[in-house]
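Peer 1: The task is simple: from the sequences and hints, build the whole structure.
Chains as they are written, first to last, in the working numbering: chain A, 4 to 234; chain B, 4 to 234; chain C, 11 to 235; chain D, 11 to 235.
Just to be clear, a hint being listed does not mean it is correct.
Unchecked claim - If you want a taste of the chain C side facing chain A, the calculated C-beta under 8 angstroms gives, among others:
1. Gly-46
2. Phe-110
3. Met-118
4. Phe-174
Stated by the list, open to error - Over the 12 angstroms line for every Cβ pair with chain B, so calculated as not near, a few chain C residues:
5. His-62
6. Gly-68
7. Thr-136
8. Gly-163
9. Asp-211
10. Gly-220
Source of the hints: derived by calculation from the structure; they are not laboratory data.
Glycine included, each C-beta is placed from N, C-alpha and C at the ideal position.
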Amino acid sequence: MSRAAVVESTDEAVAGIEDGSTVLVGGFGLAGMPFDLIDALIRQGAKDLTIVSNNAGNGDVGLAALLAAGRVRKVMCSFPRQVDSHVFDALHREGRIELEVVPQGNLAERMRAAGAGIGAFYCPTAVGTPLAEGKEVRRIDGRDYLLEYPIRGDYALISAHRADPMGNLVYRRTARNFGPVMATAAATTIVQVGEVVPLGGLDPEAVVTPSVHVDRIVRVDTRHYTVQGAR
Amino acid sequence: MSRAAVVESTDEAVAGIEDGSTVLVGGFGLAGMPFDLIDALIRQGAKDLTIVSNNAGNGDVGLAALLAAGRVRKVMCSFPRQVDSHVFDALHREGRIELEVVPQGNLAERMRAAGAGIGAFYCPTAVGTPLAEGKEVRRIDGRDYLLEYPIRGDYALISAHRADPMGNLVYRRTARNFGPVMATAAATTIVQVGEVVPLGGLDPEAVVTPSVHVDRIVRVDTRHYTVQGAR
Amino acid sequence: MSTGTTLPAGPADPSAGRPLTMDEVAAVIARDIPAGSFVNLGIGRPTTIADHLPEELGVVLHTENGMLGMGPKAEGELVDPDLTNAGKVPVTELPGAAYFHHADSFAMMRGGHLDVCVMGAYQVSTGGDLANWHTGRPDDIPAVGGAMDLAIGAKEVYVMMTLFTKSGAPKLVPRCTYPLTGVGCVSRVYTELATFDLRPDGVHVRETHGTTVAELRSRLGVELR
Amino acid sequence: MSTGTTLPAGPADPSAGRPLTMDEVAAVIARDIPAGSFVNLGIGRPTTIADHLPEELGVVLHTENGMLGMGPKAEGELVDPDLTNAGKVPVTELPGAAYFHHADSFAMMRGGHLDVCVMGAYQVSTGGDLANWHTGRPDDIPAVGGAMDLAIGAKEVYVMMTLFTKSGAPKLVPRCTYPLTGVGCVSRVYTELATFDLRPDGVHVRETHGTTVAELRSRLGVELR
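Peer 2: Right, here's the structure in full:
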């Protein structure tokens, strides 16, 4: 029932994503961004989405295109402001998109907590800063911590290097970034990969995301986008 | 300063472990148990130790031998009672060793929290059971959780399959178990490995414990103990 | 999850008009595990369920000491001290396996990623409380292992046990007298005499083996639907 | 950590009797990083410190997007879209590198496993508070990235900045007016005019470049030791 399915198209991969869903989107800038799945999501038409991702889109591709299509109600990210984040910047200044800024490590750890069944955790990051506003503070062993809650996704869209037919995944270099964490934190995890290898084709010692965290896999051709030169 | 050192002997590897230290000891039963480091620790003589490990020793080797030598004040573990845990059983019944039973997943997650700088976390495990006694309960989204605190080690003794000279580690099969978590949770992590490969000899994508978590490495000959047939 | 109550005939179908052997109980459980599920089989008797899972069912076994895709018990040359199940019995690796460390393994469990976990029990309450880690005898050394993590983690927690102790006391009880492993966590109980679904509205008898619901009601002294 | 205050002569030693260029500041910081340290260099100017770290020093660079053992900026053929630093600039991989996911990467940082982190700043208070993520202007889109995690994570947090704003306002201040990134987290501030140690008993001047402690005291309006 829960075993991963290798599907034939990105359209099939994103089928059923409902309006109002929370979608975790992998990638750090362009590295590991699931461009093909995002393009399919734009075609699919789901709207009123909450997007959880490190950035809020670069240039006019990927997340930026999804934002430009008016499908996103809210973005939770650590770093929306980039040299080429003009799509987000304009929408935000026009008050057409909500923003919740979350420190990068908290973004990762809160999704990890969701995937690991942790109810909440005390984290030292952001204590005494504006991002601590409204959060419970607790002193433990003489140090202050903020209470942080899990971030769960209805869906995760991520990009990996290779999959086997079971759904085991390996990534490539720093394109790994949020993928393995998001895969654990979403009810349905959808993965685009450059290659589906035969069963037994991945070293079990080197699998990064075990199959249990993966629901749908689609193979796509590798595309290269211009690497931006600034953060 | 903090870069790992490859040392020549297990005696050198365990040098300096102080009386009263908390020592995290890898292994699940016999798999991944750092037998050579434990033997060296027995020779080294540190006493009044708190040992954190999944089990409390099997047969008369490894942890069981350390216990038999009278060096351990307290054991924190998930499963002390095994068919061949006669050394621990006798010491415990004689009141000569303290026992704190921790659910296996909490043992792992509490050490992970220590390594990850988390102050405490709310965990659903053991709610409503005798192991919840004295723990703070909190209801989050309609479910009860217990507040669990990190378990930190002064030292970790673990076993890995291969290391490179930087201290990057890979493990073998289910002998991986607690090793990667303990490596993050101790002030000083000491590792016995079957092989030290040249720099560049480990695939950076397949490294399980990155070098930053390792302090001392010693190569040992592989030894095989009889695999027990029961839990 | 499978929710049907009609039983297909077949080797796993008892319909023998007698109590099952525990091996037959294992076969019944195996029959009820949906194809493609991710499953953790507890130490002891539940381990034997694996022998009744046909390969084509595509069930993936998780062992909490750090592996998905666990294969059968290892014999002879295949025995590898570095590859054991949670009972520390040497096992094998199937294609598509993956290894991970203990924190990731229990995150997988606690995070609700496994479909089914099957454990043994001293007692199960009609409300789904589980007691399987401690006899409560003061001279017993307590040892919990992963039982409490498994109890609260899997989407469905099944228990496999005999319905009565050797001295004849029911093990499906209104309220556990043994120390608890988890609260309200068990959804189904498989025994040699019957299978029970523990639901919010009470205990439903799913099937019986050589007994009747009326007889069970009388012997157990609990409400049955 | 290096705690000495005497400076070895050498290429990194300014002793020029004039304010340093920011590239010279980078060299001074590189000189102070102990051999074999695990170091995170923040986005922007701190990245240039890497150019002054001789290979034989064995400093291992961490990039919070998931790598230890990061090498220099990639050029030409070596550019790989899957391998960037935290500033999203293409970089290279050194022998002994390791990749990991974001949760592990920030656990490494938050857990205190990195020896030194160097970041830029808008302001640093004499008590070690750091402000480097937000100008506080209401129309500015806030973006924190990993700055708050880095601020509380590394064993030592160094700041690399000019000592005054373009309009001449001090950036080492009794109290930050910009929104904080972290509280009491900075232990050392490197600038073109001086290096400061922020200690519990106050601000100590570690070295000066083309100025004097008296002059700094007067220009900054803070206590200096």
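Peer 1: Determine for every hint whether it applies to the structure shown.
Peer 2: Right, here's what the structure says about each hint:
1. At a threshold of 8 angstroms, the smallest CB-CB gap from Gly-46 (chain C) to chain A is about 4 angstroms, leaving the interface hint in force.
2. Checking Phe-110 (chain C) against chain A by beta carbon gives a least distance of about 6 angstroms; that is within 8 angstroms, so the hint holds.
3. Taking 8 angstroms as the C-beta contact cut-off toward chain A, the hint placing Met-118 (chain C) at the interface holds, the least distance being around 6 angstroms.
4. Because the closest C-beta pair between Phe-174 (chain C) and chain A is about 33 angstroms apart, greater than 8 angstroms, the hint is violated.
5. Listed as outside the interface, His-62 (chain C) is consistent with that label: its C-beta sits roughly 22 angstroms from the nearest C-beta of chain B, beyond the 12 angstroms cut-off.
6. The non-interface label for Gly-68 (chain C) is consistent with chain B: the shortest C-beta to C-beta separation is roughly 22 angstroms, beyond 12 angstroms.
7. Annotated as non-interface, Thr-136 (chain C) keeps its C-beta farther than 12 angstroms from every C-beta of chain B; the closest such distance is 16 angstroms.
8. Here Gly-163 (chain C) does not stay apart from chain B, with its beta-carbon only about 8 angstroms from theirs, under the 12 angstroms limit.
9. Even its closest Cβ contact with chain B, about 19 angstroms, leaves Asp-211 (chain C) beyond 12 angstroms, as expected for a residue assigned away from the interface.
10. Distance check on Gly-220 (chain C): its Cβ is at least 32 angstroms (rounded) from any Cβ of chain B, clearing the 12 angstroms threshold; non-interface status holds.
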